[in-house]
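Chains A and B, in that order, give the protein sequences. The numbering of the first sequence is the numbering used here, which starts it at 1 and goes up by one. The numbering of the second sequence is the numbering used here, which starts it at 1 and goes up by one.
Check each hint, because a few of them may be wrong.
To be verified - Partial pick of chain B residues on the chain A-facing surface, computed with a CB cut under 7 Å: (1) 177; (2) 178; (3) 179; (4) 186; (5) 187; (6) 188; (7) 223.
To be clear, the hints were calculated from the coordinates, so they are not data collected in a lab. For glycine and all other residues, C-beta sits at the position ideal for the given N, C-alpha and C.
The lines below spell out each chain.
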Amino acid sequence: MPPDAEPLVSAREVGVRFGGLRALGSLTFTIAPGELLGIIGPNGAGKTTLFHVMSGVVAPTQGRLRVDGADLTGLSPQIFCRRGVARTFQTPRVFRASSALDNVAFGVRFARRHSGDVTGRARALLDRVDLGAFGETLAGALPPARQRMLEIAMALGTGPRLLLLDEVAAGLTDAEADRVSALVRALHAELGIAVAWIEHAVGRLMRTVDRMLVLDHGDLIADGAPAAVAADKRVIDAYLGTDQETSQDTSQEPPDDD
Amino acid sequence: MTARRALAAAAGAAVLTLPLYASPFALALALTCLLYVGLAVSWSLFSGPTRYLSLATSAFFGLGAYGTAVGLGTLPWPLLILAGALVAAALAWLIGLLTLRLRGAYFAVLTFGLSEVVRHAVTYVEKSVSGTVGRVLTDAPEVPTIYWTVAAIAGAALVTFRLVQRSDLGVALRAVGEDEERAATLGVDPRRVKTVAFCLSAAFAGAAGAAMAPRSTYIDPSSVFNPFILFQTVLIAMVGGPSKLHGPVIAALGFSLLAEALRLNLPYLYLIALGLLLILSVLFLPAGLAGVSWLNRWFEPRPPRMQPDAPRR
Chain A
1 MPPDAEPLVS AREVGVRFGG LRALGSLTFT IAPGELLGII GPNGAGKTTL FHVMSGVVAP
61 TQGRLRVDGA DLTGLSPQIF CRRGVARTFQ TPRVFRASSA LDNVAFGVRF ARRHSGDVTG
121 RARALLDRVD LGAFGETLAG ALPPARQRML EIAMALGTGP RLLLLDEVAA GLTDAEADRV
181 SALVRALHAE LGIAVAWIEH AVGRLMRTVD RMLVLDHGDL IADGAPAAVA ADKRVIDAYL
241 GTDQETSQDT SQEPPDDD
Chain B
1 MTARRALAAA AGAAVLTLPL YASPFALALA LTCLLYVGLA VSWSLFSGPT RYLSLATSAF
61 FGLGAYGTAV GLGTLPWPLL ILAGALVAAA LAWLIGLLTL RLRGAYFAVL TFGLSEVVRH
121 AVTYVEKSVS GTVGRVLTDA PEVPTIYWTV AAIAGAALVT FRLVQRSDLG VALRAVGEDE
181 ERAATLGVDP RRVKTVAFCL SAAFAGAAGA AMAPRSTYID PSSVFNPFIL FQTVLIAMVG
241 GPSKLHGPVI AALGFSLLAE ALRLNLPYLY LIALGLLLIL SVLFLPAGLA GVSWLNRWFE
301 PRPPRMQPDA PRR
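If we strip away everything but chain A, and leave its shape as in the complex, we get (with noise of 0.2 Å):
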């Protein structure tokens, strides 16, 4: 993309704190559209804060946040989601009671972005992440990995412009996370939407994604292509420590993985 196109996201000084505990420092960034996009970082960097701030399900305690030309610093989620922000979240919240068909449906039906067929659309949705065969499965009876997919799904059911993927693929095996991997690609390449994805297996990522940022303790300590980041000395400390041996290749997965 152009690099003077006008950003999808743009982050400026966005800082979270709860109570004394500083959860993100102050960041500043910006995300382009139709941008794939990768975040790491240990655990309690902030990655999930980020999105939670990204999708307005926390309020920044500083800095002001852009989504598609207009400041939605501290509004609530549903007017991030009809700005074109959809998520998924780390543990699973789908609607357990309902069917996955209408877990699908009920983005495509409240973001109000589908003018048509609901059902069409949703079941559309079900198959592309391959779930065609369980729309009348009870979404809470689905297995952890399915129900990721299942909430891949019910985020682009609201037609979004940014998609924030949180892993999405954790806990899978090396098969399935490749699937994911390929799935993500695809819905990329295919809807021409931006995706923010934060995984554990920070290889993985550096193999699928165009741009990342790594994050430690609230802090942005990297923004650039995966090769740039994986050489950056900060993001190797941040990863490995810095009293230990640093010549090792960082595109391995962190001992931490899942």
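On the provided structure of chain A, position chain B as indicated by the hints.
Here is chain B on its own, set in the frame of chain A:
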């Protein structure tokens, strides 16, 4: 399906023709039944799907009743009922503004506190404006008129409950009850849907209060803002199970008849017996009568879904 339809039609006909042949006692008992059907169903309309425990029913009921006490003789009867509904809905909007951001016990306690505020405010206004607190109701309509009015309110509450349950609003309300934040990330405005349902629910309680006021020739704040009305409504809805329509209806009928029988036969044990009933139902029917599977199969062959039943444009 047809058996249920026929039964519903027969029940409706019996309800509507009752004033023509029933004794005053039977009519009064039926009126109580209908009142609690209307109150419990309209309470469940909001509190059932959202799981927000509203304790403001007495305020809505009392305000409607006071509206009638003030307007009787000036306004025609249907307008009085409508005014009761509108005033209660307006109060619900105001209470909702203050409380609907809260959850769980905080919401319940604050709705109860605010309805006490309303009762005291009415007392204060009555004292400072008219000099006395109570009002004598003259030109009251006949009992059959009150009966048919309450029957219409109860019927409207039943129909509204079903319509909401099967609409986008109902889908959104159930989602708010299950995971409010998640519903919001998918585009639902929780404040808006909660406010709409809360006002709708309050309107029926206000209309019921407006219709019931002339049952007494004299009313004062402590008689119409009576917390007992709230307790009975919540008790019935909880025993019935507020997530389904038939639960509160069966519970309202059973409860009203039982309450009357207990009051006549065991006047001193009446409230103790009702308390025991609540404890037993919480222990053994945690989802209320609506959780009893054979009742569900008969009344609701299809469970409510996250999607409305009706095809959309």
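Here is what the structure says about each hint:
no. : hint : in the structure
1   : 177  : 10 Å, violated
2   : 178  : 6 Å, holds
3   : 179  : 6 Å, holds
4   : 186  : 4 Å, holds
5   : 187  : 4 Å, holds
6   : 188  : 5 Å, holds
7   : 223  : 42 Å, violated
Of the numbered hints given earlier, the model fails hints 1, 7; all others are met.
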